[in-house]
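There are 2 protein chains.
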Amino acid sequence: MHGLETLRTYFNQALDQEQFLKVPEGLYEPIEYTLDLGGKRLRPALCLAACELFSGTISNALNAAIGLELFHNFTLLHDDIMDESPIRRGKPTVYKKWDSSRAILSGDTMFAKAYEYIGKVDKEKLPEVHQLFTQTAIEVCEGQQFDMEFEDRPAVAKDEYLEMIRLKTAVLLAASLKIGAIIGKASEEDAQRIYRFGENLGMAFQLKDDLLDAYADQVKFGKKTGNDIVTNKKTYLIITALEKANEQDKARLSELYSPSAKIEKDEKVSEVLAIFDKLQIKSITEAAIMNYQRKAIEELEAINMSGSRKGTLLAITDYLNKREV
Amino acid sequence: MHGLETLRTYFNQALDQEQFLKVPEGLYEPIEYTLDLGGKRLRPALCLAACELFSGTISNALNAAIGLELFHNFTLLHDDIMDESPIRRGKPTVYKKWDSSRAILSGDTMFAKAYEYIGKVDKEKLPEVHQLFTQTAIEVCEGQQFDMEFEDRPAVAKDEYLEMIRLKTAVLLAASLKIGAIIGKASEEDAQRIYRFGENLGMAFQLKDDLLDAYADQVKFGKKTGNDIVTNKKTYLIITALEKANEQDKARLSELYSPSAKIEKDEKVSEVLAIFDKLQIKSITEAAIMNYQRKAIEELEAINMSGSRKGTLLAITDYLNKREV
Numbered sequence: 006m007h008g009l010e011t012l013r014t015y016f017n018q019a020l021d022q023e024q025f026l027k028v029p030e031g032l033y034e035p036i037e038y039t040l041d042l043g044g045k046r047l048r049p050a051l052c053l054a055a056c057e058l059f060s061g062t063i064s065n066a067l068n069a070a071i072g073l074e075l076f077h078n079f080t081l082l083h084d085d086i087m088d089e090s091p092i093r094r095g096k097p098t099v100y101k102k103w104d105s106s107r108a109i110l111s112g113d114t115m116f117a118k119a120y121e122y123i124g125k126v127d128k129e130k131l132p133e134v135h136q137l138f139t140q141t142a143i144e145v146c147e148g149q150q151f152d153m154e155f156e157d158r159p160a161v162a163k164d165e166y167l168e169m170i171r172l173k174t175a176v177l178l179a180a181s182l183k184i185g186a187i188i189g190k191a192s193e194e195d196a197q198r199i200y201r202f203g204e205n206l207g208m209a210f211q212l213k214d215d216l217l218d219a220y221a222d223q224v225k226f227g228k229k230t231g232n233d234i235v236t237n238k239k240t241y242l243i244i245t246a247l248e249k250a251n252e253q254d255k256a257r258l259s260e261l262y263s264p265s266a267k268i269e270k271d272e273k274v275s276e277v278l279a280i281f282d283k284l285q286i287k288s289i290t291e292a293a294i295m296n297y298q299r300k301a302i303e304e305l306e307a308i309n310m311s312g313s314r315k316g317t318l319l320a321i322t323d324y325l326n327k328r329e330v
Numbered sequence: 006m007h008g009l010e011t012l013r014t015y016f017n018q019a020l021d022q023e024q025f026l027k028v029p030e031g032l033y034e035p036i037e038y039t040l041d042l043g044g045k046r047l048r049p050a051l052c053l054a055a056c057e058l059f060s061g062t063i064s065n066a067l068n069a070a071i072g073l074e075l076f077h078n079f080t081l082l083h084d085d086i087m088d089e090s091p092i093r094r095g096k097p098t099v100y101k102k103w104d105s106s107r108a109i110l111s112g113d114t115m116f117a118k119a120y121e122y123i124g125k126v127d128k129e130k131l132p133e134v135h136q137l138f139t140q141t142a143i144e145v146c147e148g149q150q151f152d153m154e155f156e157d158r159p160a161v162a163k164d165e166y167l168e169m170i171r172l173k174t175a176v177l178l179a180a181s182l183k184i185g186a187i188i189g190k191a192s193e194e195d196a197q198r199i200y201r202f203g204e205n206l207g208m209a210f211q212l213k214d215d216l217l218d219a220y221a222d223q224v225k226f227g228k229k230t231g232n233d234i235v236t237n238k239k240t241y242l243i244i245t246a247l248e249k250a251n252e253q254d255k256a257r258l259s260e261l262y263s264p265s266a267k268i269e270k271d272e273k274v275s276e277v278l279a280i281f282d283k284l285q286i287k288s289i290t291e292a293a294i295m296n297y298q299r300k301a302i303e304e305l306e307a308i309n310m311s312g313s314r315k316g317t318l319l320a321i322t323d324y325l326n327k328r329e330v
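Chains V and C are the protein sequences, given in the same order. In terms of this note's numbering, the first sequence has 201 at position 196, counting the first letter as 1, and numbering is strictly consecutive. In terms of this note's numbering, the second sequence has 28 at position 23, counting the first letter as 1, and numbering is strictly consecutive.
Fair warning: there could be bad hints in the mix.
Since the list gives no way to pick out one identical chain from another, each pair is judged satisfied if it fits inside one copy or across any two copies.
Okay, derived cross-link-like pairs now, SDA-like style, lysine to any residue, Cα gap no bigger than 25 Å in a straight line [said to hold, decoys possible]:
hint : residue 1 : residue 2
1    : 283       : 310
2    : 102       : 144
3    : 270       : 9
4    : 128       : 140
Don't read these hints as lab results, they were simulated from the structure.
Whole structure, please, built from the sequences with the hints as guidance.
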């Protein structure tokens, strides 16, 4: 079994062999630019790992892995327009480097190209893969819509937040794994288990993101922590804090998070973190992450095969939990 | 065989039975709104007609027809953002009624929903239909990119223009027909013929659009003619005129079409039309339309079956040529 780094290398080699730049170049340049920005390649790696788990080989899943990475990058490209994010991975986002029209249209093309690669799976597997990929794409859009709606709402319940991140993040990790499993000829039961493994892994992944934004080691994190607090972003941390706080702290948090709050950024972050600390938000979030991780591992363990074959997926789970970026 | 009106009715009945509005409503409302605006339903009607031509029944093609109409409406939704069009079919466009983010995201969802319906075709037909639909989606994006690029260019050659409208308009009509034919179990040769029929029909359709914008009976047309001239849009008419004009008329047309031209709208339209008349642009365009139509009918005639079965597609060809809107 190959480790995460090796899977990434195989994937990047396969991706490099594909030719994305063609006429009209104005349409394809932003696609190549986006793919060249790199990233964790987590979704394709999971797809390849799941295929290898069930079939012993990754090669049949390479095209689907490219399709999944194209889809993920398409969502980033369009999300950056909607969220007005000027920078991604240290470089200008497509709508900033070119313009919104270019970002909309090259994103649409990237979505269609994702289907082109998904369409290369074995004929007998295509109906199931097509259905799962499509359902996932719709769910990811629903997640982004909830995310945008939540930004305009004064309060969001924890269950709503968890459902939003399930849709926006977890289902794509889950589908990447299940598509790899289907291509690797897993039984329906095992494919469903690997899906639930990915869903729980995805929940843990997003909560870890929330946690890192507030509590990461700033040097290793590579950017300033506390950005979610500065931008009033709804995260697991603030939602939990508002749930647990006494009336006085709740009122103060609401005040600090109001768009009209007049307080210097660093001061706001310190004050919010002080309340988080009092309420033990860090350890509550860590416990929630551990809980999702435990559920993920239970699903993986229920798959009936030698434990040694599951090493890659266990290592990825461990890596995602221990990451500091 | 059913006529165009009957096919439209069947299609609209099938579409009405589908439930598009679900949670989050903010995402699905713009989709329902767009579908409720109506339209010619030309692509689904062509898909149903082709399926009936080869199999004697339309029912197997209804889901694919919905997928094609969803895709077409998704492209309109995103094009309206890029072209900053405030009105479509007499109502505010989605990005005007809601905002750009909503239009981008509900458009993306509509594209994914299109694939959901395409995914409902028979398992053994799915690989071919998936491939054709995806290739077509990519080509339509390429066509839109060329269209936008041409707007910023001083000159566009006729061949470039024809390739742009082939990509932006003709291939989707062609694919709608071919997908219907594949579902209707046409031979590969006949499916390819019906594709070329659609491609030529699509070229004639777009040139007819260009012609109507300048020469329609304004009362029947329902809106002011000459809009393409006012907005300096590259059309078959102006491209042909610039090709055929003497130096003096060419210079004057370029002057009138320059963004800095200082001339009242109606006056500009009259002066441009006067030059068009002198150069016989109307009859040249009509001849080009007839030529594409003739090629379309040749492809249809080459399909080896009783001519009486081809009545619907011949009638649609005739209707598109004679339309005044």
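Hint-by-hint comparison with the structure:
no., hint, result
1, 283 x 310, "neither (45 Å within a copy, 81 Å between copies)"
2, 102 x 144, "between (29 Å within a copy, 24 Å between copies)"
3, 270 x 9, "neither (38 Å within a copy, 63 Å between copies)"
4, 128 x 140, "both (19 Å within a copy, 17 Å between copies)"
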